[in-house]
Amino acid sequence: MPKSSNFEMSRRNLLLGTATSVALGAVWRKAYAQGSADNAARAPVVASEAPSLGQVSIRVNGVQHDLAVDTRMTLLDALREHLHLTGTKKGCDHGQCGACTVIVDGRRINSCLTLAVMHQGDDVTTIEGLGTPEHMHPMQAAFVEYDGYQCGYCTSGQICSAVAVLDEVKSGIPSHVTDDLNADPQLTNIELRERMSGNICRCGAYSNIAEAIAEVAGRPT
Amino acid sequence: MKPFTYERAKSPAEAAASAARIDGAKFVAGGTNLLDLMKLQIETPKHLIDVNGLSLDRIEPTPDGGLRIGALVRNTDLAADRRIRRDYALLSRALLAGASGQLRNKATTAGNLLQRTRCPYFCDTNQPCNKRQPGSGCAAVDGINRQHAVIGSSDSCIATNPSDMAVAMRVLDATVETVRPDGGTRKISIADLHRLPGDTPQIETTLARGELITGVTLPKPLGGTHIYRKVRDRASYAFALVSVGAIVHRDGTGRVAVGGIAHKPWRVEAAEAEMPRGTKAVAARLLDGAKPAKENAFKLTLVERTLGAVLTAAKG
Chain A
1 MPKSSNFEMS RRNLLLGTAT SVALGAVWRK AYAQGSADNA ARAPVVASEA
51 PSLGQVSIRV NGVQHDLAVD TRMTLLDALR EHLHLTGTKK GCDHGQCGAC
101 TVIVDGRRIN SCLTLAVMHQ GDDVTTIEGL GTPEHMHPMQ AAFVEYDGYQ
151 CGYCTSGQIC SAVAVLDEVK SGIPSHVTDD LNADPQLTNI ELRERMSGNI
201 CRCGAYSNIA EAIAEVAGRP T
Chain B
1 MKPFTYERAK SPAEAAASAA RIDGAKFVAG GTNLLDLMKL QIETPKHLID
51 VNGLSLDRIE PTPDGGLRIG ALVRNTDLAA DRRIRRDYAL LSRALLAGAS
101 GQLRNKATTA GNLLQRTRCP YFCDTNQPCN KRQPGSGCAA VDGINRQHAV
151 IGSSDSCIAT NPSDMAVAMR VLDATVETVR PDGGTRKISI ADLHRLPGDT
201 PQIETTLARG ELITGVTLPK PLGGTHIYRK VRDRASYAFA LVSVGAIVHR
251 DGTGRVAVGG IAHKPWRVEA AEAEMPRGTK AVAARLLDGA KPAKENAFKL
301 TLVERTLGAV LTAAKG
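Chains A and B are the protein sequences, given in the same order. Take 1 as the starting number for the first sequence in this note's numbering and just add one per residue. Take 1 as the starting number for the second sequence in this note's numbering and just add one per residue.
Keep in mind that the hints were calculated from the coordinates and are not lab data. Positions of the beta carbon are idealized from the N, C-alpha and C atoms, including for glycine. Take the hints with a grain of salt, since some may be wrong.
As the list claims (entries may be wrong) - Quick list of in silico lysine to aspartate or glutamate cross-link-like pairs, EDC-like style, CA-CA up to 16 Å: (1) B/K46 <-> B/E7; (2) B/K2 <-> A/D184; (3) B/K315 <-> B/D251; (4) A/K170 <-> B/D81; (5) B/K46 <-> A/E49; (6) B/K2 <-> B/D23; (7) A/K170 <-> A/D184.
As the list claims (entries may be wrong) - Partner residues aside, some chain A positions facing chain B, computed with beta carbon under 8 Å: (8) A50; (9) T71; (10) H94; (11) G95; (12) I109; (13) N110; (14) L166; (15) D167; (16) E168; (17) L187.
Isolated chain A (complex conformation):
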């Protein structure tokens, strides 16, 4: 079947790419920490393609960080590998699944498709910054109440995206399914589904996710 062979190819590339970036990240971090030429030499790069370092000051969940990162490091990898904020997940690593969604300067983005060095002075909120197990954000509480997940891998991205979606509707940003571009959009179920289309849930918890978000949207603030 032509379609499935296409998928196989891209999945193979995807897995290769992910493995390479994880391996590089780990080896480089170790080499950087220990200053060991031996470890650095294990990285699959040749001398003429030596990694380049960049500096970035970034605020994450209210805490300022000054990082020295490989210029290739995505914001996602910086959050997970440097800051150990592993709530943000790496799914496809190509902006297709939304598991890596974080909120930067009030806007939801795919943290896998942006470089850490491009975020000088930015303010990042991850799932860890929205709430804690003891003091959950209303959206986290609603996902628990409505069972808005099964395996949970996409959940932090879903929740970050959902929090930002409510802000987008409040600030009057229209969507593909908004009937009247000149009226304020309403958060109907069809609006919600369109706006959340960048977050894939392989377990198919969509209807519960939609109910959780509608619950939060309906609460007086």
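Given chain A, work out where chain B should sit, using these hints.
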């Protein structure tokens, strides 16, 4: 990803000069397409020039009643701008039909114009592709080509331009403004920005080495009914098989461009003259010279039917 050095540009002219001087340099703005391709080693820049710090993120009125959109205006902000929604609804609709909320928050106006094709053979380094590796051949011509171009293509390349926004800008007769490495500026009609593939599909635009897009200007509003109809394999977050952008006036005259069928937004002014005569007449002119591939002749029918739906909807 291949290693690269990185700089934050201080001014548009310096960015352009830097891009012309440094071998293998590329601009990065939203990065949503470039980073994706760098991970697959389809793009392997040696140096990245981050233009996000340049103050090109405003939408301002022009003296002749139009709007100037800064190159760094994000797709979300452009689609949501009150003036765009009111006077250039076609552009809002096209933007909102593209990508996901997360991607639109990052993707910029200039970056959207310069995004690369989503041809699966271009995106697979195991396959020949004249666009990615000139002279290596085209795997799509005899391959899985349901998504590909039906008009304006060549034996070298049958890739399509994936942008929705560019289709709307083509209908609106937008003008692209640039700065060159020597600091000089120029204006390029959107019609002349994107090239047909010919024998050099690797050259996608008429921009010179180092030339940086600084903004896009829209002429004064045209009025009329604005419709963007996108047909795709799923209802959201997918590229167009076919899309039709149109502005239709009460007397039945208007403008139309089609996405998903060529290496550039496809607009034929002679076809627009047929609009009062109806769908079949417009489609015949618009698709004159079409050369579908093995699996995508359906796009010719789909264009005609989508166009018919758009013209019917425009009558209200």
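Outcome of the hint check:
Using a Cα cut-off of 16 Å, the hinted pair B/K46 and B/E7 holds, with the two alpha carbons roughly 12 Å apart. Under the criterion of a C-alpha separation no larger than 16 Å, the hint pairing B/K2 with A/D184 is inconsistent with the structure, at around 45 Å. Only pairs whose Cα atoms come within 16 Å are accepted, and B/K315 paired with B/D251 is accepted, the gap being roughly 10 Å. Restraint check: the Cα-Cα separation between A/K170 and B/D81 comes to about 15 Å, which is no more than 16 Å; the hinted pair holds.
A distance of roughly 9 Å separates the Cα atoms of B/K46 and A/E49; the hinted pair therefore holds under the 16 Å criterion. With a C-alpha separation of about 15 Å, the suggested pairing of B/K2 with B/D23 holds against the 16 Å cut-off. Between A/K170 and A/D184 the CA atoms are separated by roughly 8 Å; this keeps the pair inside 16 Å, and the hint holds. For A/A50, the suggested interface contact is upheld, since its CB lies about 6 Å from the closest CB of chain B, less than 8 Å.
Nearest Cβ of chain B to the Cβ of A/T71: about 4 Å, under the 8 Å cut. The hint holds. Look at A/H94: its Cβ gets to within about 5 Å of chain B, closer than 8 Å, so that hint holds up. At a threshold of 8 Å, the smallest CB-CB gap from A/G95 to chain B is about 6 Å, leaving the interface hint in force. With its C-beta approaching chain B no nearer than about 5 Å, A/I109 sits inside the 8 Å limit, and its interface hint holds.
Among the interface hints, the one on A/N110 holds; its C-beta lies about 5 Å from the nearest C-beta in chain B, closer than the 8 Å criterion. Interface restraint check: A/L166 against chain B, minimum CB-CB distance 12 Å, threshold 8 Å, status violated. Hint status for A/D167: violated, given a least beta-carbon distance of 11 Å to chain B, over 8 Å. With 8 Å as the threshold, the beta carbon of A/E168 comes within range of chain B, its nearest partner Cβ sitting at about 7 Å, so the hint holds.
The beta carbon of A/L187 is not positioned within 8 Å of any beta carbon in chain B (closest approach about 13 Å), and the interface hint is therefore violated.
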